[in-house]
Amino acid sequence: MGEASSLLSGTARISHLEMKGIVKQFPGVLANDHVDFEVRAGEVHALLGENGAGKSTLMKVLYGMYKPNEGEILIDGLPAVILSPSDAIAKGIGMIHQHFMLVPSLTVAENVALGLRSSRGMLTDLKVVSERVIELAKLYGLLVDPSAYIWQLSVGQQQRVEIIKALYRGAALLILDEPTAVLTPQEVDELFVTFRQMVRDGHALIFISHKLHEVLNISHRVTVLRDGRVIGSVATEEATKEGLAQMMVGRDVGLKPEHKKVDVGKAMLELEDLWANSDRGVAALQGVSLQVRAGEILGLAGVSGNGQRELAEVITGLRNLIKGRVILGNKDITGKNPGEIMEQGLSYIPEERMRDGMIREFNISENAILREHHTQPFARRGFLNFPVITQYAGELVKKFNVKTPSLDTPAKNLSGGNIQKLILARELSRKPGVLIASQPTRGLDIGATEYIHTRLMEQRQEGTATLLISEDLDEILALSDRIAVIYEGQIMGIVERQNANAENLGLLMAGVRE
Amino acid sequence: MITELLSLNVLIGIATSGIRLATPYLYAAIGETFGQRSGVLNLGVDGMMLLGAYAGFYVAFTTGNLWFGLLAAIIVGAVMGLAMAFISVNLQAEQGISGIGIYLFGLGMSDLLFQKTLGTVETVKGFRSISVPYLSDIPIIGEIFFQHNILVYGAFALVPLAWFVLNKTTLGLKIRAVGENTQAADSLGVSVSGVRYFTLTLGGILSGIAGASLSIALLNVFQVNLTNGLGFIAVALVYFGSWRPGGVLFGSLIFSLVNALQVWVQVLGIDIPSDIAVMMPYVLTILVLVFTVQRTRPPSALTKPFERGE
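Chains Z and V, in that order, give the protein sequences. Using numbering that gives the first Met the number 0, the first residue of the first sequence is number 0, and each one after it goes up by one. Using numbering that gives the first Met the number 0, the first residue of the second sequence is number 0, and each one after it goes up by one.
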C-alpha cells in the first residue's frame with residue numbers, strides 16, 4: 000500500500016494522523032492536558048474514558064469545532080490547520096455524531112446533498128447524488144434507499160446514512176462518537192461488519208465508547224483518557240475488561256453487581272391489558288400485561304421508542320390510559336392522578352432526569368423534598384420549615400454520596416451522575432413498595448453507574464418490586480431476575496434470567512418471535 | 000335580495016375582485032413562508048407592509064413615478080427584514096415578541112411619517128390594468144383572470160417560483176434543512192445565519208411589495224393603518240397552507256373571495272349589518288386555524304434561535 004494508493008471510495012487515504020500535545024482550557028476546567036493521540040490507515044483506535052474525561056473535547060478539536068490552546072495536528076507528517084468542520088471535511092476527516100445530524104423531513108439523497116456544490120449549479124442534482132449513494136452503499140454494505148425520508152428509517156438505517164454522508168464527502172478518517180449507543184445487538188454486529196470492511200480498505204477509524212466489550216471486539220488499539228490526560232495506550236490483544244475499567248476510573252470497579260438470591264414475594268404491581276397513545280396520537284401500548292413481584296427486578300428491554308416511555312408514564316399516572324387496569328399492591332390505581340399514586344408507595348426515576356426528575360433552578364434542599372414538601376415535618380400549616388429541610392437534605396446528600404459544593408447549589412450545576420444520585424436518594428428514602436426506574440444510568444460514567452446498580456440491588460434485597468426500563472442490554476442482563484421485551488407496544492416475550500442472552504433478547508427486540 | 004348576488008355579472012365581479020384582493024396576501028404570505036421554512040416566525044409582517052405602503056405611496060405621489068414608488072417599498076422592506084434578521088439571528092431574541100415590536104414600530108412610524116409629510120389622505124393613479132393579448136378576450140375567464148395590473152400578475156407568478164426555489168434548488172434545500180435541524184445544517188457547512196438573513200430579507204422585500212400593492216395598485220391611497228391587520232392574516236395563511244406555496248395560494252384565494260363577497264354584499268345593500276360582513280374574513284381565520292392546526296406540523300426549528308453547541 001504505497002503513498003498514492005486510494006480507497007475504494009476513490010478518496011486518498013490518510014496513512015497517519017497525529018495529535019501532539021493538545022491543550023484545551025475552558026474557564027475553570029483543563030479539558031485536555033497535553034494529550035497525544037494517533038491513528039493509522041487500516042486500524043480502529045478506540046478512545047475510552049468516563050464522562051468529562053476529555054474524549055469529546057479532543058475529537059472536537061480534531062474536527063475543527065474547538066480551537067486548542069496548544070498543540071498541533073499532523074497529517075502524514077505535515078502540519079494541518081483545522082479551524083472549522085469544513086476544513087476537517089476538506090482534509091478527509093469525517094465525524095459521526097452521537098446525536099444524528101439528519102433532517103427528518105428530507106430524503107436520504109437530500110440529506111447527503113445538503114451543503115455540497117451541485118453539478119447543476121443552482122439546481123439540486125439529486126439523481127447524481129442518488130447514484131453515488133447506491134454505489135457507496137454497495138461498496139461498504141450500507142444499504143439504504145436514497146429516496147426514502149429519514150423519518151421512515153430505523154435508527155440503524157439512519158446511522159448508515161450518516162456514514163454514507165461522511166464517505167460521500169471523501170472521509171478517509173472517521174470519528175465515531177458512541178455509534179452503538181442506540182442500536183440492537185444485531186445492528187451492532189452489522190455495523191461492525193461495515194467498520195471491518197472500511198478498515199480493510201484503508202480507512203482510519205476512531206471509535207469512542209464506554210462499552211468495554213465492544214471496544215475489545217472491534218478495535219486494534221485502545222487509548223484511555225482520564226481527567227483530560229492520557230492514562231495509557233494498549234494493544235487490544237493485551238487488554239482486559241477489568242484492566243481497562245481500572246484505567247478509566249483509577250481504582251478497581253465491580254463491573255457486575257452481585258446478584259444474590261432473594262425470596263420473591265407476591266405481585267406488587269400488576270398491569271392488565273394496557274392500551275395508550277403516544278404524543279402523536281399513535282397507538283404506543285397495545286395490550287401490555289406484566290406483573291412485578293416483591294423482591295424482584297423485572298427488566299424491560301427494547302429499542303428506544305417502542306412504548307417504554309408511555310408505559311412508565313401510564314403507570315405513574317402521567318399519561319391517560321385508553322384501556323386496561325393498573326393495580327398497585329392490592330389497590331386499583333387506574334385513572335388516579337400522580338400524587339395519589341405516589342402516596343400508595345410508588346417511586347419513580349424518570350427517563351429525562353433533568354426535565355422530569357428535577358427542577359433545574361431549585362437548589363439541592365428544595366429538590367430533595369419536592370415529593371413531600373407539603374407534609375410534616377417539612378411544612379406546617381402551609382409554611383416551609385427550613386431548618387428541618389436543610390438537615391434532611393444534608394443527610395440524604397451524605398448518605399447517597401452526592402457531590403455538591405453546598406445545599407444551596409442549583410440542581411442544574413450538578414453532573415448527571417450526582418443529579419441521579421439525588422433523585423435516587425429522594426425516591427428510595429420513601430421506602431417504596433414499587434420502583435419504576437427508567438434508563439437509570441443512561442449517560443452516566445462507570446463510577447456512578449456502579450453506585451446506582453448497587454443501590455437498586457439493595458432495594459431488591461429489601462423487597463421492593465422494581466420495573467427496570469432500559470435500552471442498555473448489559474444493564475438489563477446484569478440486574479434483572481426476569482426480562483420482558485417490548486416491541487411496537489407489545490410484550491414479545493418474557494425470559495428468565497438464566498436463559499437470557501444478547502442473542503435471544505436481540506431477536507425479540509427486533510420483533511422476531513421464535 | 001340574495002338573487003341579486005347570484006346574477007352572472009355580480010359573480011364575475013366577485014371573482015375578479017377576489018383575484019385582485021389576493022395580491023397583498025400572496026406577497027406577504029409567500030415571504031413569510033420563506034422565513035418560517037428557515038425557522039423564523041416573523042410576526043412583524045403587518046408593520047413592514049405599512050412602511051412599504053407608505054414609502055411606495057409617498058415616493059409615487061411626490062415623483063409621479065410608480066416604479067420609483069415600488070423600488071422605495073422594496074428598499075424599506077429589505078431594511079425592515081434585515082432588522083428582523085439582526086434581532087432574531089444575532090441577538091437571538093424571542094421571535095414572537097420581537098415581531099410584535101417590529102409591527103408596532105411599523106404602525107407608529109408609518110403614521111408619524113404620514114402626519115408629517117402628507118397630513119391628509121391623498122390619492123395617486125395606481126398601476127393600470129394590462130389586458131393580456133388574446134387571453135383577455137375569452138368571455139368570463141378573460142375578465143376574471145387577464146385584465147389586472149402588473150402587481151397582480153406578479154403575485155400569482157410568485158407562487159410557482161417560490162415552489163421551484165424551495166424544492167428544486169440547492170438554496171431551497173438549505174432553507175428547508177435550516178428550518179428543521181439547525182445543528183445538522185451547521186455540521187455540513189451550511190451557514191444558518193446566512194440562510195436566515197436571506198429568507199428574512201426576502202420576506203421583508205415581499206412585505207414591502209405587499210404594502211405597495213395596496214397603496215399604489217389596488218386602493219391607491221395611504222392612510223393610518225391602511226393594512227388593517229392583513230399582515231397577521233398572511234401569517235395565519237402560512238399555517239393554513241402547511242408551509243407550502245400551493246397551500247398559501249389556496250388560502251389566499253379563499254380569504255380574498257370572502258372579502259370580495261363581503262364588499263359586494265355591502266355594495267348591493269343586502270340587509271346584513273356591515274360590521275358582521277367586515278368580520279367574516281377574521282372569523283374565517285380563526286375557524287380555519289382551529290381546524291387545520293392539528294393536521295400539520297410546522298418546521299421543527301421554528302422560533303428556535305441557533306447557537307453553536309456547548
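If you are wondering where the hints come from, they were derived from the structure by calculation, not from laboratory data. Just to be clear, a hint being listed does not mean it is correct.
To be verified - Below, in silico cross-link-like pairs of lysine-lysine (DSS-like), each with a Cα-Cα straight-line distance of 30 Å or less:
#1 Lys-66(Z) x Lys-167(V)
#2 Lys-255(Z) x Lys-398(Z)
#3 Lys-167(V) x Lys-126(Z)
#4 Lys-137(Z) x Lys-167(V)
#5 Lys-265(Z) x Lys-240(Z)
#6 Lys-167(V) x Lys-411(Z)
#7 Lys-66(Z) x Lys-240(Z)
Said to hold, decoys possible - Label-pair distances were calculated between CB atoms; the ranges are:
#8 Glu-306(V) x Ser-146(Z): 29 to 37 Å
#9 Ile-133(Z) x Ile-96(V): 27 to 35 Å
#10 Asn-498(Z) x Glu-306(V): 15 to 23 Å
#11 Ile-139(V) x Gln-489(Z): 35 to 43 Å
Claimed, not checked - One-sided excerpt, in silico: chain V residues whose CB lies under 7 Å from chain Z:
#12 Val-120
#13 Asn-180
#14 Ala-183
#15 Leu-187
#16 Val-189
Idealized CB from N, CA, C, for every residue including glycine.
| field | Numbered hints the structure breaks, given as an ascending list | value | Going through the list in order, the structure violates hints 1, 5, 6, 7, 9, 10, 11 and 12 and respects the others.
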